[in-house]
Structure formats: C-alpha cells, structure tokens
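Asker: Since the structure of chain A is already known, use the hints to place chain B on it.
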Amino acid sequence: MKELKLKGKVWVFGDDIDTDIITPGKFLSNPKELAEHAMAPADKSFAKGVKPGDIVVAGRNFGCGSSRETAPEVLQMLKVGGVVAEGFARIFFRNSIAIGFPLLECPGVHAAFQGGQEAEIDLEKGTIRNLATGAALHGRPLDPMLLQSIREGGMMEVLRRELREKAKALRPPAAP
Amino acid sequence: MGQTIAEKILSSHGGRESVSPGEIVDCRVDLAMGHIAMARVAANFAMFPRELRRVWDPERVIALEDHFAPAPDERWAMAQKIIRDFARQMGLKHFYDVKAGICHQVLPERGHILPGMLVVGTDSHTTSYGALGAAGTGIGYTEMTWVLVKGRLWFRVPQSIRFDITGPLPAGVYSKDLMLHLLGRFGTEAAQYKSMELHGSAIRAMDISERMTLSNMSLEMGAKFGFTLPDSKVEDYVRNRSREPFTLVTPDGDARYEAVHPVDARGLEPQVACPHSPGNVKPVSQVAGTPVHQAFLGSCTNGRLEDLRVAARILEGHTVHPDTRLLVSPASARVYRDAIGEGIISTLLDAEALVMNPGCGPCFGAHMGLLAPGEKCISTGNRNFKGRMGAESAEVYLASPATVAASAVRGKITDPREFQ
Numbered sequence: 001m002k003e004l005k006l007k008g009k010v011w012v013f014g015d016d017i018d019t020d021i022i023t024p025g026k027f028l029s030n031p032k033e034l035a036e037h038a039m040a041p042a043d044k045s046f047a048k049g050v051k052p053g054d055i056v057v058a059g060r061n062f063g064c065g066s067s068r069e070t071a072p073e074v075l076q077m078l079k080v081g082g083v084v085a086e087g088f089a090r091i092f093f094r095n096s097i098a099i100g101f102p103l104l105e106c107p108g109v110h111a112a113f114q115g116g117q118e119a120e121i122d123l124e125k126g127t128i129r130n131l132a133t134g135a136a137l138h139g140r141p142l143d144p145m146l147l148q149s150i151r152e153g154g155m156m157e158v159l160r161r162e163l164r165e166k167a168k169a170l171r172p173p174a175a176p
Numbered sequence: 177m178g179q180t181i182a183e184k185i186l187s188s189h190g191g192r193e194s195v196s197p198g199e200i201v202d203c204r205v206d207l208a209m210g211h212i213a214m215a216r217v218a219a220n221f222a223m224f225p226r227e228l229r230r231v232w233d234p235e236r237v238i239a240l241e242d243h244f245a246p247a248p249d250e251r252w253a254m255a256q257k258i259i260r261d262f263a264r265q266m267g268l269k270h271f272y273d274v275k276a277g278i279c280h281q282v283l284p285e286r287g288h289i290l291p292g293m294l295v296v297g298t299d300s301h302t303t304s305y306g307a308l309g310a311a312g313t314g315i316g317y318t319e320m321t322w323v324l325v326k327g328r329l330w331f332r333v334p335q336s337i338r339f340d341i342t343g344p345l346p347a348g349v350y351s352k353d354l355m356l357h358l359l360g361r362f363g364t365e366a367a368q369y370k371s372m373e374l375h376g377s378a379i380r381a382m383d384i385s386e387r388m389t390l391s392n393m394s395l396e397m398g399a400k401f402g403f404t405l406p407d408s409k410v411e412d413y414v415r416n417r418s419r420e421p422f423t424l425v426t427p428d429g430d431a432r433y434e435a436v437h438p439v440d441a442r443g444l445e446p447q448v449a450c451p452h453s454p455g456n457v458k459p460v461s462q463v464a465g466t467p468v469h470q471a472f473l474g475s476c477t478n479g480r481l482e483d484l485r486v487a488a489r490i491l492e493g494h495t496v497h498p499d500t501r502l503l504v505s506p507a508s509a510r511v512y513r514d515a516i517g518e519g520i521i522s523t524l525l526d527a528e529a530l531v532m533n534p535g536c537g538p539c540f541g542a543h544m545g546l547l548a549p550g551e552k553c554i555s556t557g558n559r560n561f562k563g564r565m566g567a568e569s570a571e572v573y574l575a576s577p578a579t580v581a582a583s584a585v586r587g588k589i590t591d592p593r594e595f596q
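Chain order of the listed sequences is A and B. In this text, residue positions in the first sequence follow my numbering: the first is 1, and each later residue adds one. In this text, residue positions in the second sequence follow my numbering: the first is 177, and each later residue adds one.
No wet-lab data here; the hints were simulated from the structure. Misleading hints may appear alongside valid ones.
[Said to hold, decoys possible] Derived lysine-lysine pairs resembling DSSO-like cross-links, with alpha carbons at most 30 angstroms apart:
| # | chain 1 | residue 1 | chain 2 | residue 2 |
| --- | --- | --- | --- | --- |
| 1 | A | Lys2 | B | Lys257 |
| 2 | B | Lys562 | A | Lys32 |
| 3 | A | Lys79 | B | Lys562 |
| 4 | A | Lys125 | A | Lys166 |
| 5 | B | Lys257 | A | Lys32 |
| 6 | A | Lys51 | B | Lys562 |
| 7 | B | Lys326 | A | Lys168 |
| 8 | B | Lys588 | B | Lys562 |
| 9 | A | Lys44 | B | Lys562 |
| 10 | A | Lys44 | B | Lys552 |
| 11 | A | Lys48 | B | Lys562 |
| 12 | A | Lys51 | A | Lys9 |
Chain A on its own, in the form it takes in the complex (with noise of 0.2 angstroms):
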C-alpha cells in the first residue's frame, strides 16, 4: 500500500504545461532521452536536478495535450513524488490515478510556492503546506476509488492481482 502522504522539494511551473513538454514528442521512442529531456522546453535543468520525493507545483491546465501516458509515466519514472496544480487536463488525471501517481488539484498553489522550497502534502485530507512560508492550502481531494487506486499502486497492480487469483482458481488442484 502505499503512502498517501508526501513531503518534498518543490519545483514551479506555470499555467498550459503540455505532454510536449513534459515528454516531447522526437524523444518518445527512448525512455532513457525522454527523462533526461521531461519539461527541458519550460525547465532545462529539471530532469537533472529533480531529487526523488520532489514535489512539482503548477499553474492551470497541467498535462493538457495529447493522451501520452509517458507524461505522468516520466515523472513517475524521476521518482517525483506527485503532482499540486491548479487544474490538470482530463487525459493526464486518468492517466495518473491509472499508474498510481499522487496528484492534487488545489487553487492559488502556484502562487504559494516558490522553486526549492518544501511542501507537505495530505492527499486523502487535499492540504498542502509550504514549510518555509507556513502557508496551509486546501485542495479538492480526490475521490477515494481514485485514492485507492493510488494507494493499490495503479490499475495493472489490481489487474495483475485479479487476474493471477483467477489463473489459481482455473488450475486443477494438486494430487492428494
């Protein structure tokens, strides 16, 4: 299960940041180019710099674009503990909650927060805190089927689990 608490460095982006951003499109065939290049059109030093646990703060509209599942997979991939922006794109929310990556929806977070600061994040309470300013924020928490998806660690961890009971059920049993 996993934690639904999170606690990190803060990284600020600004409103519209799309998944040719976050994963452009020429570097789509690597995984290993597309996480050194993640955000390098809004942010250079980004995929260098990201520590695991940091925590990505952003404007309106994050993840808008194409349905690119490698977007919230990158991330995911750079070990980012989650996401706090004040509104994401249809597609990237789906796309996270289906891989077990924290997100959060939480209006005025991006005026809150300065790059390198620190933020606690409450995701079954929706609240983030920046620990260097001591402002508390609250945001919309997720629906808790959507919470327990996070928690299982996605929807292949929950398929994989069905699907393996089933294959047990089907197989005869052992010789006495």
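Answerer: Chain B in isolation, oriented as in the chain A frame:
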C-alpha cells in the same frame, strides 16, 4: 429531469435509468481503439497468466498503425511488429496496418462508429466520433489494458455545455475557423472535464467532414466528449457504411447545461492560432504577411477529401511559393484514392506540392517534415505547442485548409478569400 447526450449514453452504458454530473459510473464500452500505444498494452498483457491473456471481445477491439507509419526507425518498426503479433494472437477481427490511414478517419469511413456508442481510444482526438453522435474519448495504455480485459471503464459523468452557433459561415470561412474562434474566445480550458454539444443553424448546414473537425478539436478546449447535434446527415453517413442498427441519441428538451453560449458565426473571418497555443487565436488579417517555410495539409483534423478539395480549388493554376514547401498527407488510403479519382492529387502535384502517404507523422513531429530552428509552418493540424513539429524555436500556426493553401502559394500567411 431531462438528460444531455453524454448523460444518456453514460446511463445506458452504466445500466442506469439516469445519471447526474459528478457521479462515477462503471460503463460497458462498445469499441476500444488502440494505435501505437497498443504496443504497451501488449507488453502489459505479457505480465498476465498465459491462459488469461485474451481480450473481452475480439470484435470490439480495433488495432491500427497510424503513428510513425511507415516506421521511421528500427524501434518503431519493432513496436509495430509487436502490435501486428498482438492483433493476431488476440484474434482481433479488425486490424489496420500502415497502409490504411489515420484512426479517426479510418474508423468512421469503414463503418465502425455508430451513433450512441461509447468508444475509447488511446488517442486524445477520439472525441472526433462526437460528429457521428458517439461518445468518444481518449485514454492511456494502462486504462486500455483494463478495458481490453474487462470491457468496462469508470467514467465521471461530465457537466455538459452547449454552444448555439448561428450560421451560415461566410464564403471562405470553414468549420476550422469556427473552432479556432471558439478556442480563442472561450479558452483552452472552457470544456475541461466537460461534454461539449454544438447546436445551431451553422452546425446543421455543415457536412460530416466539417463537423468532424469541430469534434476533433473540442479536445483542445479540454472536452471529454465533443458532440455536434446528430441529425439525418449522420444517419445517411452511417447507413452508407454500416449495416448495424442504431438510433440517434439527442438531448432532451429540458436537459440541464452548465452553460449555454450563443455564438453568431455569420460575420466570422478566417482565423489563425498563433504560437504556441491553439488558444492564441487571431483573425487572419492580423497575421497576414508572416512568412512561412512550410505548409502542412493533412491530419485527423483536416485531411479529408473535402479538405483536399478546398485546397485544390485554391492551388489550381498556381504553384507553391519557391521559399515554401507544401506537404500534403491525405487522412486515409480511401481519401487518397478518391482524391486521385477527382483529379485533386494531379492539381496538387501540378502546384508542386509534396504528396505523402496517410499518417500522423508530420502533425506531431514524429517524422516526415520536421522543422528546423527558427522556421515557421502553417498547418491544418490541431496543436502548435512549442517543439510540436520539430525544433523548439520553430513556430507553428494553425489554420483551415483554405488558409494553408493560400499561404503556400504566397509564401506568407494569406487570407484565402483573396483567391475567390
């Protein structure tokens, strides 16, 4: 309480009498379409116990090779091979290889899309099927894996917003111009998580091809579904392509909309989305004269026969400006063949256009026509994000097939009405 199109389709597929916005409903899916992302679905299936590696219904899953077609390098060749093998192993009834064309053209033209269907695809522009009254929406490969196993998926019932568009559009102004106008006026988030319905005399007057451009780019406004109000033109289009029974799903008279926006399109002028957002829209008069190094006519947004026809009418008797290259990619093999039959391809070649195979390549900077640093391109595609078609310092402008053709002739952004 009346229901919108989205509410009706989600309630019927969720086995419910009615649903309301905000509810999460587990729905049966009618059709699942996967393109290049299907390679990742295949990899996911390989993690399942061997005896359970099967899709819920091989007749309702379509695999298709349109992104990176034909393969530009060995990696994509491998990914495409994985999809071919997967389609065979799963016994999929419908598999379209690189020769067929772009998913959002191939599926409707081959009669796979019926009004009232709930369709998911591994492509954001799956909203295109809204032009046929089907609820189409994009998902990623993890969710597609789930759908292929279970035949179902969760949906949050969206709020619906309605645009009542008064027409007709003036001569030289097309549905692409209308869509860009909506994007500029209401913004790229106006339909975030929402179902868009486009009603009104302007929509009624449009053929299916023009409506598909609207449904396609409703995604650029964030839409989950993008319907144009289905009518007898939809019935005719579908009956000519499918023998399956269907009924049109239309909203109730007392359906509830979060917002209703009246738009008068009678005085509209051609529109151009400027770098680097589909929402950064200006009337063509404000950007006319901007030099363009490349012009692109194609994509799921505007690569249909009707689009090529409009461009050919402008290009007839002219040649593309020597400092500009015009790339044309018909949206499907059938569009290509029909365009040859009508003499359109000859006209384009006479005008010194480069006519390429059908596919998604140029539109998203995959291959076939990338831009060098500092170059400008005018495109009939759907996105002009930074770096979308090549170099990060390249600039992409979005416009109608008419504006793209006129700009190719003059070598600079041009009002197509100068060619009437």
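Asker: Decide, hint by hint, whether the structure agrees.
Answerer: So, going through the hints one by one against the coordinates:
For the hint linking Lys2 of chain A to Lys257 of chain B, the alpha-carbon distance of about 36 angstroms lies beyond 30 angstroms, and the restraint is violated. Taking the CA atoms of Lys562 of chain B and Lys32 of chain A, the gap is near 21 angstroms; set against the 30 angstroms cutoff, the hint holds. As the CA atoms of Lys79 of chain A and Lys562 of chain B are separated by approximately 25 angstroms, the hinted pair is consistent with the 30 angstroms bound. Taking the CA atoms of Lys125 of chain A and Lys166 of chain A, the gap is near 35 angstroms; set against the 30 angstroms cutoff, the hint is violated.
A C-alpha spacing of about 22 angstroms is found between Lys257 of chain B and Lys32 of chain A, which places the hinted pair at or below 30 angstroms, so the restraint holds. Distance hint between Lys51 of chain A and Lys562 of chain B is fulfilled; the C-alpha atoms sit about 26 angstroms from each other, no more than 30 angstroms. As the CA atoms of Lys326 of chain B and Lys168 of chain A are separated by approximately 18 angstroms, the hinted pair is consistent with the 30 angstroms bound. A C-alpha spacing of about 20 angstroms is found between Lys588 of chain B and Lys562 of chain B, which places the hinted pair at or below 30 angstroms, so the restraint holds.
Using a Cα cut-off of 30 angstroms, the hinted pair Lys44 of chain A and Lys562 of chain B holds, with the two alpha carbons roughly 14 angstroms apart. Restraint check: the Cα-Cα separation between Lys44 of chain A and Lys552 of chain B comes to about 23 angstroms, which is no more than 30 angstroms; the hinted pair holds. Restraint check for Lys48 of chain A and Lys562 of chain B: satisfied, since their Cα atoms lie roughly 21 angstroms apart, inside the 30 angstroms limit. Only pairs whose Cα atoms come within 30 angstroms are accepted, and Lys51 of chain A paired with Lys9 of chain A is accepted, the gap being roughly 8 angstroms.
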